[in-house]
Amino acid sequence: MNTVEIKNLTKIFDDVPAVDNLSLNIKKGEITGLIGADGAGKTTLMRLITGLMIADSGEISTLGLNPAADKAKLNPKIGYMPQKFGLYEDLTVIENLNFYADLKNTAHDFKKMLEFTDLDKFQHRLAGKLSGGMKQKLGLACALLGTPDFLVLDEPSVGVDPISRRELMKLVKEYLNEGMSVLWSTAYLDEAHSFDTAVVLDRGKVIFEGRPFSLGATSKAFEAEIIKLMGGYKKEESLIAKSVTVQDYGLEFTVEACNLVKKYGDFYAVKDNTFCIKKGEIFGLLGPNGAGKSTSFKMMCGLSAPTQGTARIMGTDILAQPSKARSHLGYMAQKFSLYEKLTVGQNLEFFAGVYGLAGKAKEERINGSIQVFGLEEYVDRKSGELPLGYKQRLSLACALIHNPPVLFLDEPTSGVDVLTRMDFWNHITSLAAKGVTILITTHFMDEAEFCDRISLFYRGEAIAVGTPDELKRKAHADTMEETFVNLIRSQSK
Amino acid sequence: MLNRIAALIKKEFLAIWKDPRSRMIIIVPPILQLLIFANALTMEMKNIDMVVLDRSGTVESRELISEFDNSRWFRKIFYAHNEQDVRHYIETQKVQLALEINNDFASGIKRGKPVSVQLIVDGRQTNAAGIIGGYASQVVSAYSSEISPAKGASINFVVRNWFNPNLEYRWYLLCSTIAILALVTTLMLTALSIARERELGTFDQLIVSPLTPFEILAGKTVPPLIISVLLTLFMILMSIIFFKLPFKGSIFWLLISTVIALFSIVGVGLFISSLCKTQQQAILGAFTFQMPAVLLSGFISPVEDMPALVQYLTYANPVKFFMIITKGIIFKGMQPADIISNLIALLLIAFITLSAAGWMFKRKLD
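As given, the protein sequences belong to chains Y and S, one line each in that order. Reminder that position 289 of the first sequence reads as 327 in my numbering, one-by-one numbering, no gaps. Reminder that position 95 of the second sequence reads as 225 in my numbering, one-by-one numbering, no gaps.
Rather than coming from a laboratory, the hints here were simulated on the basis of the structure. Where hints are given, some of them may not hold.
[Unchecked claim] With a cut-off of at most 27 angstroms between alpha-carbon atoms, the simulated BS3-like pairs for lysine-lysine come out as follows: (1) Y:K420 <-> S:K140; (2) S:K140 <-> Y:K373; (3) Y:K122 <-> S:K407; (4) Y:K400 <-> S:K140.
Treat the numbers as computed from the prediction; the structure is a model and nothing was measured.
Work the whole structure out from these sequences, hints included.
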């Protein structure tokens, strides 16, 4: 018997089908990967399967039950971990576990669970103080309480580094032996390649279902095939880069970090970090969660004051002359952080004004941006209502509105589909070619390959700096992911 | 710099206007509350019901009772037969006052000897009890002087209420309510503004831009200030037109004072907002300030009656100064010198809170 059987399922939100006439079977005792970009319908499908949402039409049977009608019977058999798992951040690890065990009416026996998740030592730490990877492990542990027959994980690996991702996967596989079925959704194609079955969703439809190896022998080949299935990607000249002109300031190093230190009490979040980025270079900050790359990034753009050391942009100290330094800087935050209630045009106008553009120059620049970024259709739409890919474009447009020579990007591509990511990187590499200096953080190891140089962070220190090829050689690895894992393992020994 | 501030101000206006909740905050509650409070809240006592235990049962006692009946404060008079009855009437809150007349009442008066009557007031409503007691004493003493015409010299006193000749409670209430509503609206608008941006992540975006903390503060101050000044002036205008509030002072000084008073409240709101990470914290923070600010403003009890320590505390309360000025200008045409001394206090509050908010931006970087 299959764990889940779905026939002609449809769910429509505001005239847009989130799940579109979908039929699918999920096999018992396997890990099934649900792959797709934000908005492809992954979460909706999972909520329909678990009975948290009711379909407009079609049939679902989960563990032989109808999730809409028999939700009460189904609940104890399912372990569901939503995207933002409801951990109580003000409770400790053990208090969270106790609470969820009470909810599920199971014994308070967490010994095995704590050992598995390596959370043994952190039992009495507040959940809010755990790193991203550890939070996800705790969330998973809570979902596994009461040994459910069917585990449903909604993007457990978002914002989690490759090492923690592997650990999560290991944890889930341990439980598979006991006959559990798993549905795991993800935006990472390389992750999908390691599942028993991959189901690729695009705009509410299944575009691929089967063994990932049958589509491509390696994760690279698998990705290439998926891109073909999504309609293929054609590299075109980047209009965005074309519209940018970078003034020559006669500086060799446009971004410099000199002996940056960040201390919280006795704890060093960043220890004596120094790097210099050349004009037109793409410099990537990589590292596990909590290793200090975000803190370094924040210090570079002046969002966090370093305990010691200085950060300079275009030769200007970001703390001594913040306004001048920042006028050279374009910044794109991790999550979409423009004004959602304002329209696309109003957002552009605001940022143009904030960066000191006025009058005719401002108008020309805004109109130019709208054209180059292909936002004509959306000018009068509220930015919060845009599809994710367009939100990202608008963020980039706002970051580039003042023609900055330096661009800082904080995990710009999380949650975006492969095609949009490839398009985005096309723009980034073209911008760098025009002489824009780029500092970027990312969790996608394949993206790290696009960087000219990488700084790998571990426990507050940059343990390796170099080109992707140099790092690969150093780690005796073929892929960036392996490089990452090898270098960090060798360091922690 | 002006360009950048202008861009920020424009955005703030758009953000307030496009958010249906903010739009609600600034229009509906203030006007609705003004109408309701002005009509519903009153500390005047009219229509008082009372019970009488007349053990005398004579012409004299009936005369005293009819004095009560004929006064404008008392509505209904019940007659009790014994003490239990009286107790029952008061306990069930059917009446607020009881009058007991002893059986030696008439004989005492006839012999020209002093006699006593007992007044019992329901002390559960402390404030009302005091007022009712006062009215009742007035009635009794009026009757007393009627039956014992003055032998020789006596002092008659005549009371004149300045600035509010008929002691129209509504006027007092309107002035206070306008100040309180202006406080609530301004505080909510500003307290939410930075906290909302922090919560949505847009505040980082502002910090990373070339905007200086001063520019951010200026951009965050002007829009709520303009909105709340317009709202306050509108409420005053409504009070003058619909509730015949007398306006004695100068419009010029009223305008200046309103702007400065609200400026200081904006300062407090932005300071609260700069401390908060989420909108929820900001709302709690605003409430924490709001309650004591209203209670210690002199609205409920005069500041002069508070303990000395608390009186010093009220120097940090913009609402207190705001109420002094609005009442002063509207009722008695307060003199510029007096106005200015109050405005200096408000400007000081604004200066301190806004500097603190600007300083918090820098500190909160981490």
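Hints, verified against the model:
With a C-alpha separation of about 16 angstroms, the suggested pairing of Y:K420 with S:K140 holds against the 27 angstroms cut-off. Distance check on the hinted pair: S:K140 and Y:K373 sit about 24 angstroms apart at the alpha-carbon level, within 27 angstroms; holds. Annotation: proposed proximity of Y:K122 to S:K407 holds, straight-line Cα distance about 19 angstroms (limit 27 angstroms). For the proposed pair Y:K400 and S:K140, the alpha carbon gap of about 15 angstroms is at most 27 angstroms, so the pair holds.
When the structure is compared with the earlier hints, no violation turns up for any of them.
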